[in-house]
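Undergrad: Residues per chain are reported as follows:
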Amino acid sequence: EAGVAQSPRYKIIEKRQSVAFWCNPISGHATLYWYQQILGQGPKLLIQFQNNGVVDDSQLPKDRFSAERLKGVDSTLKIQPAKLEDSAVYLCASSLVFGGHYYEQYFGPGTRLTVT
Amino acid sequence: TQLLEQSPQFLSIQEGENLTVYCNSSSVFSSLQWYRQEPGEGPVLLVTVVTGGEVKKLKRLTFQFGDARKDSSLHITAAQPGDTGLYLCAGAGGSQGNLIFGKGTKLSVKP
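Just so you know, the sequences run in chain order A and B. Using the numbering used here, the first residue of the first sequence is number 1, and each one after it goes up by one. Using the numbering used here, the first residue of the second sequence is number 1, and each one after it goes up by one.
In isolation and in its complexed conformation, chain B is listed as follows (with noise of 0.2 Å):
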């Protein structure tokens, strides 16, 4: 069964700081989504990363894929509470491409 582990499950921190959250697995996946959830919303995908060793950037985000693609980390610049929200990591696997969910990280951004 493929699993995968989100840290840290919680994080509470004043804007302008910097986070890291980390998406973790021993099974290899052929993709890795991260997505964005808002409370009473379904969750937004805000990247998809293919390749091993991959980093992809969108403003003030930056999402890196593992060498060997069993692991995965958004970093966080400057957080605004605009930021605020639950962080899903999800990866593609199996013969249809399903996806397997972590169970998310809650970020809280205090003015």
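Pulled out of the complex, with its shape left as it was, chain A reads as follows (with noise of 0.2 Å):
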């Protein structure tokens, strides 16, 4: 089985300009996340999607981050413009929806974003 797909894996860009990742889930998972990962924490999530809708996108900084998921598969996230505190590793990750109190979340390689 094909794991979590992601471009590109790396992006350096300046501050004020935009750049887009694009993730491919596991065949068959209907929920998708995007997670913020700073260099020395933890992942923050960003945006789950239950198909191709937003289930939640409160820790999404709406005025520059944008993520769609059309026909409920891929997803593509966006920052415009970049800013220098954006530099971080943006993971996707994907899970099949369980009736009881978890959801085992399987992650991608993650794309390293460097805004100089």
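Result set (EDC-like, lysine to aspartate or glutamate): computed pairs, CA atoms no more than 20 Å apart in a straight line:
#, chain 1, residue 1, chain 2, residue 2
1, B, Lys103, B, Glu41
2, A, Lys44, B, Glu41
3, B, Lys59, B, Glu15
4, A, Lys44, B, Glu5
To be clear, the hints were calculated from the coordinates, so they are not data collected in a lab.
Each of the two chains sits in its own frame; use the hints to bring them together as a complex.
TA: If you want it as structure tokens, here you go:
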């Protein structure tokens, strides 16, 4: 079974430029997550999709970040304009939806963004 | 706001030593997960604990969930260089079971 795919793996941009990241989840996984992981910290949830609908985007800086998941499969995360503090690894994860306590999430390798 | 505190933040030991990593919160979680993350990769799930007091073993790794479901520990016996990595605990909270991560413990095992 193929894992979560992300591209690009690395991106360097100047502040005020825009950037987009792409994620392809595991086939059949209805739930997709985008996380931001700043160096030295754990991942922080930015947005959660259930199929192509947004479930939770409470921590997404909506003035500069946007995300979409057309057709409930692939997803893109965009930053426009980028700030220095956006330098981080952006992780995509997916999961099947369980009816129990927890949802096992599978992570992609991440995109390392450096804003100069 | 639910927070998870991990300790220690950094740990450097020699091969063959034992170690314990702690994950604490003032909040109750419905479940708690432990992940290991290597440089340039995403976190990989090691274990999920659900029941208060639960103990799970994965080869040389032993995971425990506190009775009150507010804390957890990871114990590694006879650490090996391959155990090197960032160990993250994550609690499932909220109606959607979203994960809240600790800051992680960076483990280095020297041969």
